[in-house]
Amino acid sequence: MFYRKLIRYTSILYKYKNSSNYYTVTNFVRSLHSSLVNYEEKNDREYGALVHRNAFQEVDNKNKNTYLEMVKIFINRDNVYRRGHVEFIYSALKNMEEFGVQKDLEVYKALIDVLPKGKFIPTNMFQVEFMHYPKQQQCIIDLLEQMEENGVMPDYDMEDMLVNIFGNKAFPLRRYWRMMYWMPKFKNLSPWPVPDPIPKDTFELAKYAIERISSADVNSVVTVYQSADIKDSIDDTWIVSAQSNSQVRLLSEHNVDEPVYVEGSFKVWIKGHPINYFILRGEPKPIVDEDIDQDDVSHIEIPLFNLKPPVRKHLKIIRSVHEQEDGVIYSLCATGTSSKDSLLSWVRHLEKHGNPNLGKVPIVFTLRSGTKEVVNAESEEEERSQLEEK
Amino acid sequence: MNFGKGDDKGGYKDNRTLPSLKERMRDGLKELKHEIALWSNEVKERFESDPLLVFRPGEVDVIWQFKNAESLKKWIVTNDSDNNEGFSKSSLVLGNHEKALFSGQLSLKVPKDGRIKRTGYCNMRTIRARSVLRERDQLGNNKSFKREAHLDWTSYNMLVMRVRGDGRSYLLNINTRGYYDLTWNDMYHYVLFTRGGPYWQVARIPFSKFFFSSKGRVQDRQKQIPLNKITSFGITAGERYAGDFSLEIDYIGLEYDPNHTEEFAYEMYKIPKFMI
Chain A
1 MFYRKLIRYT SILYKYKNSS NYYTVTNFVR SLHSSLVNYE EKNDREYGAL VHRNAFQEVD
61 NKNKNTYLEM VKIFINRDNV YRRGHVEFIY SALKNMEEFG VQKDLEVYKA LIDVLPKGKF
121 IPTNMFQVEF MHYPKQQQCI IDLLEQMEEN GVMPDYDMED MLVNIFGNKA FPLRRYWRMM
181 YWMPKFKNLS PWPVPDPIPK DTFELAKYAI ERISSADVNS VVTVYQSADI KDSIDDTWIV
241 SAQSNSQVRL LSEHNVDEPV YVEGSFKVWI KGHPINYFIL RGEPKPIVDE DIDQDDVSHI
301 EIPLFNLKPP VRKHLKIIRS VHEQEDGVIY SLCATGTSSK DSLLSWVRHL EKHGNPNLGK
361 VPIVFTLRSG TKEVVNAESE EEERSQLEEK
Chain B
1 MNFGKGDDKG GYKDNRTLPS LKERMRDGLK ELKHEIALWS NEVKERFESD PLLVFRPGEV
61 DVIWQFKNAE SLKKWIVTND SDNNEGFSKS SLVLGNHEKA LFSGQLSLKV PKDGRIKRTG
121 YCNMRTIRAR SVLRERDQLG NNKSFKREAH LDWTSYNMLV MRVRGDGRSY LLNINTRGYY
181 DLTWNDMYHY VLFTRGGPYW QVARIPFSKF FFSSKGRVQD RQKQIPLNKI TSFGITAGER
241 YAGDFSLEID YIGLEYDPNH TEEFAYEMYK IPKFMI
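Chains A and B are the protein sequences, given in the same order.
So for the first sequence, full-length UniProt numbering puts the first residue at 1; every next one is plus one.
So for the second sequence, full-length UniProt numbering puts the first residue at 1; every next one is plus one.
What the hints contain is simulated information worked out from the structure, not anything from laboratory work.
Among the clues, some could well be false.
[What the hints assert, rightly or not] Reference excerpt, derived from the structure (chain A facing chain B, CB under 7 Å, subset only):
| # | residue |
| --- | --- |
| 1 | Lys169 |
| 2 | Phe171 |
| 3 | Ser190 |
| 4 | Val194 |
| 5 | Ala216 |
| 6 | Val218 |
| 7 | Val221 |
| 8 | Trp269 |
| 9 | Gly272 |
| 10 | Ile279 |
| 11 | Arg319 |
| 12 | Val321 |
| 13 | Glu325 |
We treat Cβ as the ideally placed atom computed from N, Cα and C, and that holds for glycine.
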């Protein structure tokens with residue numbers, strides 16, 4: 001050990017002598033006494049700082065490969081005296097979204113792999129309880145938190161890595177175990193699951209949305225129409241429409257003199273994606289709910305003296321899910337353009353496919369202007385705050 | 001390290017100055033009439049001793065409904081923008097057909113104060129319970145003189161909500177605040193998934209599914225929800241997607257379902273000693 005140290009010191013001394021025109025003698029003594037790190041940092045400065053503050057932002061082509069390449073560059077820069085892990089991991093975490101890797105487990109594992117194995121393992125219980133190497137532990141806890149926030153579940157490989165780095169009693173391990181316990185429990189909780197990652201195509205999303213809404217009635221059938229199939233239509237787009245048997249029946253029972261309304265657009269969220277939909281609605285049916293007081297004994301009919309047997313109404317038509325307080329919903333749809341023309345094509349399609357009543361009924365379009373998009377709302381706010389700052 | 005917390009708001013205490021003593025006395029005396037009426041009712045009920053004992057299975061007992069503006073007074077709406085910790089805004093208003101509409105704008109924008117890491121929540125919760133079982137009527141079973149009480153839901157095992165959402169998921173919070181400062185933030189959570197669209201949905205969530213957490217962190221030592229110690233109920237919109245949200249609520253009720261026999265959905269592992 002001593003021998004190795006001696007060699008290292010002499011080699012530094014040798015390097016130092018060669019560049020001694022740059023340093024004064026006092027500096028030389030201090031650097032020998034304080035640390036080797038001091039000298040090496042100065043040496044590094046010639047090539048650039050060890051941790052680039054904006055290293056991730058300077059990358060031109062931002063994708064997973066370049067991201068992993070950045071991690072590799074950091075690892076290869078110094079294999080023996082690697083420093084600034086924590087700063088590097090934090091800056092890497094910050095820039096994940098720009099590289100589109102925030103949902104990638106492999107990347108998180110690559111970041112954890114930056115830390116040295118075996119160095120941070122506590123050797124006694126006091127070190128464990130007082131968070132041995134707190135900055136490093138906190139850094140990995142923050143990394144795990146970011147994983148959790150992005151819905152990335154860790155795997156058993158990660159446990160091995162963390163055990164090798166921090167030992168089996170450290171705080172990041174505890175967090176890992178908690179994640180492994182709770183995340184699978186919540187992962188598939190939604191009764192209306194969508195694939196992960198969710199497709200970006202609006203048509204696919206609209207299909208999910210309409211299927212989801214129409215799941216209120218199990219008999220609903222989702223059909224995709226093309227608006228171009230209708231004569232004289234201006235738009236050429238898709239229409240995702242849903243209607244069930246009971247809705248067809250309700251529409252056929254609709255009074256021809258009363259209008260039906262095409263209303264929208266309303267918003268439904270499919271895992272962070274807003275989808276606009278429209279409904280075909282009729283006036284609400286009056287709720288006839290005969291409230292019979294069971295305890296009222298003033299009008300008891302005695303069947304004994306009746307000549308005819310009493311006619312009892314045992315059966316009552318159950319209101320379907322489509323008959324609500326605010327209207328009867330005959331059908332619902334989402335179209336590619338959400339324009340009035342595409343909605344007209346939708347109504348014509350419904351008329352052709354089993355609802356001849358729609359040809360006679362007056363149809364009123366009560367369309368609201370499209371609701372504000374999320375992205376716009378956010379960017380507007382940003383702009384406003386930026387203006388205020390100026 | 002500190003021993004005990006003096007403030008149950010956890011640093012979010014209201015710093016507004018109180019009105020003058022004279023004003024407070026005047027307001028207090030105004031309250032007196034109502035409180036004495038409550039108190040006399042309470043004494044009467046105690047002597048009558050006729051509590052609800054029969055809970056018919058399959059029948060929903062409505063706890064909160066939104067028939068008039070008065071019913072909105074039982075709810076408090078809070079957003080992260082209230083404490084200058086974000087930009088979300090929301091409101092709880094009375095909609096058509098005696099329904100409440102909880103809607104607003106979720107914003108994930110983090111204010112640049114270097115302290116806050118994440119933002120974006122809107123919350124509605126009931127005021128601290130004063131009724132012993134449930135509010136049968138305006139005077140009913142309330143405790144008088146502003147004494148705090150707990151809601152007792154031990155006879156039920158389901159939470160039933162008739163809602164119409166927008167496809168987002170919401171968090172249901174049941175607060176079981178205890179006496180000691182350690183238990184001030186005890187909460188039980190579960191997710192309310194909404195279908196979205198024009199149809200109303202009835203969500204039936206068993207109490208056994210609610211998991212224990214404190215200050216938004218799921219706890220290691222899980223325990224069953226103490227249904228006799230409920231102090232308030234709340235709904236949070238806190239999805240990690242910015243944008244507007246709307247949740248219409250018809251009623252929030254309770255039900256006893258004899259077919260649901262599960263007591264607690266989560267394993268109660270014996271955790272290693274060092275894990276706390």
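Hints and how they fare:
1. Lys169: Hint holds; A:Lys169 Cβ to chain B Cβ min 6 Å, cut 7 Å.
2. Phe171: violated (10 Å)
3. Ser190: holds (5 Å)
4. Val194: A:Val194 check fails; min Cβ-Cβ to chain B is 10 Å, beyond 7 Å.
5. Ala216: Holds, because the Cβ-Cβ distance from A:Ala216 to chain B comes to roughly 4 Å (cut-off 7 Å).
6. Val218: At 12 Å from the nearest chain B Cβ, A:Val218 fails the 7 Å test, so the hint is violated.
7. Val221: With a minimum Cβ separation of about 16 Å from chain B (threshold 7 Å), the hint on A:Val221 is violated.
8. Trp269: holds (4 Å)
9. Gly272: holds (4 Å)
10. Ile279: holds (5 Å)
11. Arg319: violated (12 Å)
12. Val321: holds (6 Å)
13. Glu325: holds (5 Å)
Violated hints, listed in ascending order, are 2, 4, 6, 7, 11; each of the other numbered hints is respected by the structure.
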